[in-house]
Amino acid sequence: MDIWSNILTGFGVALSFENLVYCFFGVFLGTFFGVLPGIGSLAAVTMLLPITYYLEPTTALVMLAGVYYGAEYGGSTASILLNLPGTPSNAVTCLDGYPMTQQGRAGVALFSTTVASFIGGTCGILALYALSPIIVQWALAFGPAEYFAVMIFGLVAAATVTQDAPAKGLAMVVLGMALGTVGSDIDSGVARFTFGYFELRDGLSFIALAMGLFGLSEIILSIREKVNAPFIQKVTLRSMIPSRDDVRRSVGPVFRGAGIGGFFGALPGTGPSIGTFISYAIEKRIARDPSRFGKGAIEGVTAPESANNAAVQAAFIPTLTLGIPGSATMAVMMGALLIHGITPGPQLMTQNPDIFWGLAASFWIGNLLLIVLNIPMIGLWVRMLKIPYGVLYPAVICFICIGVYTVRTSAFDVFVVLGFGLLGYALRLMRFELAPILIGFILGPMVEENFKRAMLIFRGDFTRMLERPISGTLLGMTALLLVWTVWTVIRNRRRGVSGGLAALKGTGNRNAD
Amino acid sequence: MREVDRTDLVSGALIIAIGMFFFIGAQEYRMGTMSRMGPGFVPYWLGAIAMFLGGVIALTAIGRPGALPAVAFRPLLAVTAAVVAFALILPRMGLVTATFIATVVSMIGNDEARPKTIAITAVVITAVCWTIFIGLLGLPIRTLRWPF
Chain U
1 MDIWSNILTG FGVALSFENL VYCFFGVFLG TFFGVLPGIG SLAAVTMLLP ITYYLEPTTA
61 LVMLAGVYYG AEYGGSTASI LLNLPGTPSN AVTCLDGYPM TQQGRAGVAL FSTTVASFIG
121 GTCGILALYA LSPIIVQWAL AFGPAEYFAV MIFGLVAAAT VTQDAPAKGL AMVVLGMALG
181 TVGSDIDSGV ARFTFGYFEL RDGLSFIALA MGLFGLSEII LSIREKVNAP FIQKVTLRSM
241 IPSRDDVRRS VGPVFRGAGI GGFFGALPGT GPSIGTFISY AIEKRIARDP SRFGKGAIEG
301 VTAPESANNA AVQAAFIPTL TLGIPGSATM AVMMGALLIH GITPGPQLMT QNPDIFWGLA
361 ASFWIGNLLL IVLNIPMIGL WVRMLKIPYG VLYPAVICFI CIGVYTVRTS AFDVFVVLGF
421 GLLGYALRLM RFELAPILIG FILGPMVEEN FKRAMLIFRG DFTRMLERPI SGTLLGMTAL
481 LLVWTVWTVI RNRRRGVSGG LAALKGTGNR NAD
Chain D
1001 MREVDRTDLV SGALIIAIGM FFFIGAQEYR MGTMSRMGPG FVPYWLGAIA MFLGGVIALT
1061 AIGRPGALPA VAFRPLLAVT AAVVAFALIL PRMGLVTATF IATVVSMIGN DEARPKTIAI
1121 TAVVITAVCW TIFIGLLGLP IRTLRWPF
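Here the protein sequences line up with chains U and D, keeping their order.
Yeah, the first sequence ends on 513 if you go by this note's numbering, and it's all consecutive.
Yeah, the second sequence ends on 1148 if you go by this note's numbering, and it's all consecutive.
What the hints contain is simulated information worked out from the structure, not anything from laboratory work.
If you're wondering where the values come from, they're calculated on a predicted model, not measured in any experiment.
Where a beta carbon is used, it is the ideal one built from N, C-alpha and C, also for glycine.
Be aware that a few hints might be false.
Unchecked claim - Which bits of chain U does chain D cover? Going by a derived footprint, with three or more residues having C-beta under 8 angstroms, they are:
1) 168–175
2) 180–187
3) 395–401
4) 405–412
5) 457–469
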C-alpha cells in the first residue's frame, strides 16, 4: 500500500541525524519552557521561532513541533507539583494532580502523566495518518468559496465554543482580522493603515504580535503574584511506580481521553483545552464513585493529559491538510511554515510529501523522546520549578526583545511588541481571551482573499455560495453555532449561572493555548 | 440606578472605539463592488461588525454588578520602560548594554527585588543572552558599541 511507503519515507526523513538532534532540542527546550509557570506552549514556540530561521524547513518544523508538545507535556509537571498550570490545557490536571501531590503521590502522578501523554499522542498521530489523506482528497477539490466557509466556521468555533462570553470572543476574532488587514492589499497594492511607516507595508509582524500578547502582557500580570520561589516536594524514581490499582483505573480513561482529545483537536478552531475539560467531565460522570474526583483520583490526571496530547497531535490535521490552524499555537506553527516559504494546505502533502510525512514521523519519535527524557530527568525539572519568577521574567523580556529584533533587524518591531504587550494587558484585565486574536490575524488575510475571489467568480451574488454543497453546509453550521451560542447565553443569564465549562475553567489560568 | 458591570462596559467601549478606527479609516480606500471588492471593503465591514459586538458587550453589562479591575502600575511601567530602553539602546550601543539595562529596569517592577539580586541577575542574563544569540547562533548583532 502507498501509505506504508509514505510512512517509511517519513521515518527516513525524521531519523536523519540533523532532524533527530533538533527534535531532541525541541522536545527538551519545550519541556523546559513548559515546566516554567507562566510560559505557555505558545510563548515557547514563538520565542524559539527566530532560532529556526537558519534551518531547513523540515528541520525547523520538526523542532518547533517538538517545542509545542514538549511544552504541553512539561506544563503538567507544574500543575501536579505546584497547582500552577504551565499551559492552560493543563489547568484540569491541577484538579486531581495537586491533591495527589498533597497525599505524597506526586511521583505516581508524574509517571502516569508521562505514559498517558505518550498513549494520547500516539493515538493523535494515528489519526493524523489515517485522516489526512482523506481530507486532502476532499480539499483538493476546494474552491475559494469552500475555503472561505471552512475558515469562517473555524473562526466562529474558536471564538464561541470555549468562551464564557461569546461576544467577547467574537470581538477578539474580528480584532485579529482587522489587524491582519494592516499592510499592502494583495489585489491593489494599496497600503492600508500604515500611516506612512515603511515597516508596516509587509503587515504587522506576527511574531511581534504573538510575543506582545502572550509574552509581555503575561509578565506584567504575573510580576506581583509569583515572585517567590515555591516549596516543592522531592520526587524520587522509586516513588514514581504506580500501583496495580492505578494502572487498572487508568486504562479506560486514557483511551477515552485520547478519543475525545483527538476529535476536538482535529476540529478547526477548537484547541486542546476543550478536549481536556470534556474528557475530565466525562470521566467524572461515568465514574462509579464521582466523589473521588478533586481529591486525587488518578483518572482525573491521566484522562485529560491523554486528551491534551492527542489534541495537540490531531491539531496538526487541519493545519497541515487545509491550512487552517486549530489553535493559536497552531497559528504560530503555520506562520513558521509561511516564513519558510511553504504554504500549508492540500498541496503540501502532494508537493512536499517529505515534509508532511517526515513531520508526522518526527512526532512519534519526539513523543518517545519525551518518555526517555522525562522519567530519568524528573529531578532536574523539579529543581527548575524552584527558579523564582522574579529572576525569570527579566530573562524572558530580553529573549522576547532579541528574538523580535533579529527577525527583521528592526527596532520598530520591538515597539510593536510593546504596543501589543500593553494592549494584551488591557484586554486581559477586561477578561478577554487573547487566543482568538492570533487565529483571526493569521486567517484574516486568507479569508479576505478567498472571499474576494469567490465573489468575483459568483459575480457578487452571495447566495451562490450557499447553493454549493460544502460551503453551504459549513456556513449553515456556522449559523447554527451562532444561534446556539446566543441561546445558551440567554438561558444562562435567565438562570443566573454560568455553564459547567465556565465553572471548570475557573481553576486559575489566564493563558491562552 | 441599575447595576452595571463596569469592566464589561469599558470593554464594550474599547471594542467600539477599535471598530470605529477601522470603519472610518477604511473609507479612505476604494470600496469597490460586491464582485470586485476594493481594499476598503473588508476593513470597513470588520469595523462595522466590531462596533456591533462592542455594543452587545456593553449592553449585556447592564444588570449585573462588577468593578473595574485594578491596574498594576509598577510592573506595567517597569516592563514598558525596559522594552523602550532595549529598543533604543540595542542599535546604538550593542547587545550587552541593551540586555543589561533592560534587565535592571524591568526588575525595578518587582518591589521585592534587592539591589544585589538585581545586579547579579543582570550580569547572568546578559552573559546567557550573549552566549546564546552571539556565541552559539552567531546573529548579526553588535556585542558592544560606543556611539560617542
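Would you check chain D against the stretch 405–412 of chain U, counting CB to CB pairs closer than 8 angstroms, and say if three or more residues qualify?
holds (count 4)
Using a Cβ cutoff of 8 angstroms, are there at least 3 residues of the stretch 180–187 of chain U near chain D, or does the coverage claim fail?
holds (count 3)
Three or more residues of the stretch 395–401 of chain U near chain D by CB distance under 8 angstroms?
Check passed, 5 qualifying residues.
Counting residues of the stretch 457–469 of chain U with a beta carbon closer than 8 angstroms to any beta carbon of chain D, are there 3 or more?
holds (count 5)
Against chain D, does the stretch 168–175 of chain U show at least 3 residues with beta-carbon separation below 8 angstroms?
Three-residue rule met by the stretch 168–175 of chain U, so holds; n is 5.
Violated hints for the displayed structure: none, as all numbered hints are satisfied.
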